[in-house]
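These protein sequence lines are chains A and B, in that order.
Okay, so the first sequence: first residue is 16 according to my numbering, each after it adds one.
Okay, so the second sequence: first residue is 9 according to my numbering, each after it adds one.
Some hints here could point you the wrong way.
Taking lysine to any residue pairs in the SDA-like style, the calculated list, with each CA pair at most 20 angstroms apart, reads [what the hints assert, rightly or not]:
hint: 1; chain 1: B; residue 1: Lys174; chain 2: B; residue 2: Lys233
hint: 2; chain 1: A; residue 1: Lys92; chain 2: A; residue 2: Leu253
hint: 3; chain 1: B; residue 1: Lys189; chain 2: A; residue 2: Leu140
hint: 4; chain 1: B; residue 1: Lys174; chain 2: A; residue 2: Gly57
hint: 5; chain 1: B; residue 1: Lys324; chain 2: A; residue 2: Glu72
hint: 6; chain 1: B; residue 1: Lys189; chain 2: A; residue 2: Trp58
hint: 7; chain 1: B; residue 1: Lys233; chain 2: A; residue 2: Leu140
hint: 8; chain 1: A; residue 1: Lys196; chain 2: A; residue 2: Ala182
hint: 9; chain 1: B; residue 1: Lys174; chain 2: A; residue 2: Ala150
hint: 10; chain 1: A; residue 1: Lys92; chain 2: A; residue 2: Leu259
hint: 11; chain 1: B; residue 1: Lys324; chain 2: A; residue 2: Ala78
hint: 12; chain 1: B; residue 1: Lys165; chain 2: B; residue 2: Lys189
hint: 13; chain 1: B; residue 1: Lys174; chain 2: A; residue 2: Gln226
hint: 14; chain 1: B; residue 1: Lys233; chain 2: A; residue 2: Gly57
hint: 15; chain 1: B; residue 1: Lys264; chain 2: B; residue 2: Asp300
hint: 16; chain 1: B; residue 1: Lys189; chain 2: A; residue 2: Leu138
hint: 17; chain 1: B; residue 1: Lys36; chain 2: B; residue 2: Arg136
In short, the hints are calculated from the structure, not lab data.
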Amino acid sequence: MTVERVAVSDRAAFLRRREHRVVRALALVGLVVLWELLTRTGWVSSLFLPSPLGVIEEFADMARSGQLAVHLGVSLKRLLLGFGVGAATGITVGVAVGFFSMTEAIVQPIIAATFPIPKIALLPLLILWLGLGEASKVAVVALGVFFPMAINTYAGVRQADPLLVRAAVAFGAGRWSVIRKVVVPSALPMVFAGLKLGAGTALLLLVAAEQIAAESGIGFLITQAGNLMETTKLMVGLTVLSLLGLLSHWGLASLERAVIPWRHT
Amino acid sequence: MRRLVPLLLVPLLASLGPGAAAAQPTVKVGVLKLTSSAPIFIGVEKGFFREFGIEPELIYFQAAAPIATALAAGQLEVGATGLTAALYNIVLGGEQLWIVADKGREWPGYPLTGIVAQRELWDSAAIRTVKDLKGHRIGVTQLGSTFHYHLGNILEKDGLTLADVKVVPLQAMPATVEALKGRQVDAILVPQPFPGATEAQGFGKILAWAGDLYPWQIAAVFYAKGFAADRARAVAFMRGYVKSARYYFDAALTQKDGRPAPGANYDEVVRITAQYTGARPEIIKLGFPFQDRSGRLLVPDIERQMKWWAANGFIKRPLPLKQIVDTSFIEEAIKTLDR
């Protein structure tokens, strides 16, 4: 008896998603090359669209003169401070609201009412309260980070599997032990989603705050370059922002892998 | 963001520019709604430009630097506004435009830009002179603006530099005044009518008129590359402008024994300026900025400006004068008018 072999094709093959690593790299490189060519041919004036090589040169110049380090340092300080304060309070409030019904009753309506206000709109008020200095800039970043953090943490805590909580209690865990060992770890994926959201918002608000009455920082650099029609410098500022965004995303992703090893994403 | 959108559109518009401009019989003139634009307003209202076959179309802007950008992009034929670092950077960046005539100077005896301190700081004698500004926060509209330049030069006259103060850019004139009112800055530089308004409201004290401390060519008339190449129309526009400038000078700028002695058409010039700027006549009457009677440019001052901007790191290097200044239009216009 012979076994007849039938070749089957996987009809769901189109659902498989390949990585296309080469295409990914080429897309970015191609864009830059196209851009360089466009400016080289002179179709587009270099004043309105500086060439990538020009931007790299200016970047090196500014790095060498220490100008870039000053602006980047100031911005990073504001960003980290604001992000730290916003994330810490956001997580604390989120856990408290998610776990205690009394806190939820008090805080949730307040968050629901204040969350929809675009934080940029608060900037003039913050400047009035805290002055033109560092405090108002850090505060607006912190506010921007606080809301996604609080809301995500709250959702994460509420999602904690009741079965696991009951199991922990059955094994004799106390209230704090349950929060520490069950609720918070199961909320962590949501917390990290919030952190990533917050990082994007933080960058946006930082630049907005620095464009108003600052004397240094990346946002200031961009405004100044715009005021002076130094488009190459402006592009350097935008490039730095793009790198900052990529870096913060990458940093948070690595941190996530380290903190939540049981989640392979 | 608002600034980025036109920046992206500009190459597109620039490529459409020359063809569209040739079909346009009107000359687009970019101006600010300030008293210093009066000579342009007079020329439009009294028909001095039309007399020489030029149909001007006024386009209003909020700040000086965007006018230079629009000129470089071919969206305007003529600009009439302040000389900023942005303008020099545009020409350094490879776009051609020409400074062709005087359109306002900071001049002793003609109040234009005021240095205004917080009333309380004046009362407590914390700020009484330019020297006292050391270590204080000073609000201006933009970095690289005429106010920034003026502040720097005034400080240098008193042995200080820009590094001795904290310059705070507040982007717009009303915001600058608000920052003084809200005590976020200790002093500001703003043009008339704002200094008078701060004193009237009680929170400001005019320390000095900047033009008394350091006179210079603050504003000019510019030509876009394409318009300058159209020689006949470029000279025709200048004829209208010179006629207008003389009308303005004789009406508003004449002095007798160092005191203002308005000419016969003073009230008409006030009325026209009030109408085009939307300001009240009594505010317009506070002062008209000085300029040459025939609109001749203070050429050596342009060179001085570029040197100062370059020395202070706002532009990469000074340009040779003949790459940015062209007085041949106004000289030709004056010659034909005086014949």
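For each hint, the structure was consulted:
{"no.": "1", "hint": "B:Lys174 <-> B:Lys233", "in the structure": "violated, 38 angstroms"}
{"no.": "2", "hint": "A:Lys92 <-> A:Leu253", "in the structure": "holds, 18 angstroms"}
{"no.": "3", "hint": "B:Lys189 <-> A:Leu140", "in the structure": "holds, 15 angstroms"}
{"no.": "4", "hint": "B:Lys174 <-> A:Gly57", "in the structure": "violated, 40 angstroms"}
{"no.": "5", "hint": "B:Lys324 <-> A:Glu72", "in the structure": "holds, 14 angstroms"}
{"no.": "6", "hint": "B:Lys189 <-> A:Trp58", "in the structure": "violated, 48 angstroms"}
{"no.": "7", "hint": "B:Lys233 <-> A:Leu140", "in the structure": "violated, 45 angstroms"}
{"no.": "8", "hint": "A:Lys196 <-> A:Ala182", "in the structure": "holds, 12 angstroms"}
{"no.": "9", "hint": "B:Lys174 <-> A:Ala150", "in the structure": "holds, 17 angstroms"}
{"no.": "10", "hint": "A:Lys92 <-> A:Leu259", "in the structure": "holds, 13 angstroms"}
{"no.": "11", "hint": "B:Lys324 <-> A:Ala78", "in the structure": "holds, 17 angstroms"}
{"no.": "12", "hint": "B:Lys165 <-> B:Lys189", "in the structure": "violated, 28 angstroms"}
{"no.": "13", "hint": "B:Lys174 <-> A:Gln226", "in the structure": "holds, 16 angstroms"}
{"no.": "14", "hint": "B:Lys233 <-> A:Gly57", "in the structure": "holds, 17 angstroms"}
{"no.": "15", "hint": "B:Lys264 <-> B:Asp300", "in the structure": "holds, 17 angstroms"}
{"no.": "16", "hint": "B:Lys189 <-> A:Leu138", "in the structure": "holds, 17 angstroms"}
{"no.": "17", "hint": "B:Lys36 <-> B:Arg136", "in the structure": "violated, 44 angstroms"}
Going through the hint list in order, the structure does not satisfy hints 1, 4, 6, 7, 12 and 17.
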